[in-house]
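Enquirer: Go ahead and model the full structure; you've got the sequences and the hints to work with.
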Amino acid sequence: MSALAVEAVWKFYGDYPALRDIRFSVERGQCIALLGRNGAGKTTLIRILAGLSRPTKGFVRLFGRDAGERATRAQVGIIGHGIGIYDELSALENLKLFAGLYALPSPARVAAEWLERTGLDRVKDGLVREFSRGMRQRLAVARAFLHNPQLLLLDEPFTALDDRAIALLQGLLRDALHEGRTVLMSTHQLREAMELATHVALINRGRLAYTGERSPEMLADPGYLYRVHGEA
Amino acid sequence: MTFIRQILTVAAKDLRSEIRTKEAINASLSFALVILLLFSFAFDPTSETTREIAGGLLWLAFAFAGVLILNRSFARELQNDCLDMLNASPVPAPALFLGKALANYVLLVGIEAVCLPVFGVFYNVTWYTHLGQLVLVLLLATWGITVVGTVFSALTVNLRLREIMLPMLMYPVLIPCLMAAMRLSTVLIDGQPITGDDLAWLRLLIGFDIIFTSLAVVLIDTVLIG
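Chains as they are written, first to last, in my numbering: chain Z, 5 to 236; chain X, 13 to 238.
If you are wondering where the hints come from, they were derived from the structure by calculation, not from laboratory data.
There could be a bad hint or two in this list.
Stated by the list, open to error - Label pairs and their computed distance ranges (CB to CB):
| # | chain 1 | residue 1 | chain 2 | residue 2 | range |
| --- | --- | --- | --- | --- | --- |
| 1 | X | V230 | Z | R209 | 35 to 45 Å |
| 2 | Z | A12 | X | V46 | 56 to 66 Å |
| 3 | Z | F63 | X | T33 | 35 to 45 Å |
Quick reminder that beta carbons are idealized off the backbone N, C-alpha and C, glycines included.
Expert: So, in structure tokens, the structure goes:
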């Protein structure tokens, strides 16, 4: 059973087809980099995979079940465009909140553990509105990982991170892949993406232009995929 | 058990956020007090007519002030796309809805508890003669306002004109609830208990709460995800 299967998915906004007949699957333990220009449909696809939007046609299965099912969502960790963190709560309160929503057995312990792993334990009681952009993004990473998800959906996860935070996130993703978890990430930072990816999918104007294993050429030259399979 | 814990977690989060920012509380409370004050200038507090419409004045103030609380309920989730993270979590939509409704309810009841004595002073009425029954009416009618308002708050959260759309959608649906609350409050403030024909209004309030709570719980998943 695939970790993630996208089957003939179309998404229309009014008359405009944002996604056109997208089909691919990702096996457990794989990391797929979802690439494409701005407006290609990457975020729309990730929102459908996260159960935040319904496809107009086709369907999406996560671990063999419908992506919209609440039980499926317990296995998914998300970093979206917004960080999904409350400004008026402290870092610790935010993580305890999400640990509670995911019904984890001891929210306070899990929250403290992830604050330490992301280097935010010294500011755990500080309100998020006082955090820098990088600190907020690290907290979003902790929020996405704290329930030990089997599938990670990451939309531009490296945005606003400094070098140390990028290294932290890459380390967490490597650990996740080593443990057999699945990662799908969309990004414009091709070098970071290619270093982690086992597979690549390229979307052009809502259509899947390429899907397959990441080749040595792609790692050596991150622009290779766009030149060969992208738009002219 | 998890369902109830999730409701309480969402409610506690909303209350903590609101108590820290005090955005909705300050706006709603001051608005309710100003309305009561202005109405007291418009009507002679000692006249019999004013006593006859006392319940109406009170519930108009509560309904208008309530919109300010309800508007913030889902709007506060827009910052940093927090609503997406709540929707993407395994929390069932009804638990999310009931958690937010519970927080709104606590805030609204708190505002009513402050306004009621002020109302008694401005309008020179002894509102506490049948305190138990008045509290019952307040709790039932406020739940009705909260349930309907929270659903429409979710429905209008992504609209640019949500501050206008929420009351436009909410008040027509609330007419039976407000009519019952106004009638029963007028009777109680006048010093009479709820008996005879007025029991039908009380039953209407209970029925309204049950029907709209059930409808909200069934429909909220569609409202939130579309």
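Enquirer: Now look at each hint and say whether the structure bears it out.
Expert: Against the structure, the hints:
Taking 35 to 45 Å as the suggested C-beta distance range, the pair V230(X) and R209(Z) conforms, at roughly 39 Å. Evaluation of the 56 to 66 Å hint for A12(Z) and V46(X) yields a pass: the beta carbon distance comes to about 58 Å. Distance hint check: the CB atoms of F63(Z) and T33(X) are about 41 Å apart, consistent with the given range 35 to 45 Å.
The structure shown violates none of the earlier numbered hints.
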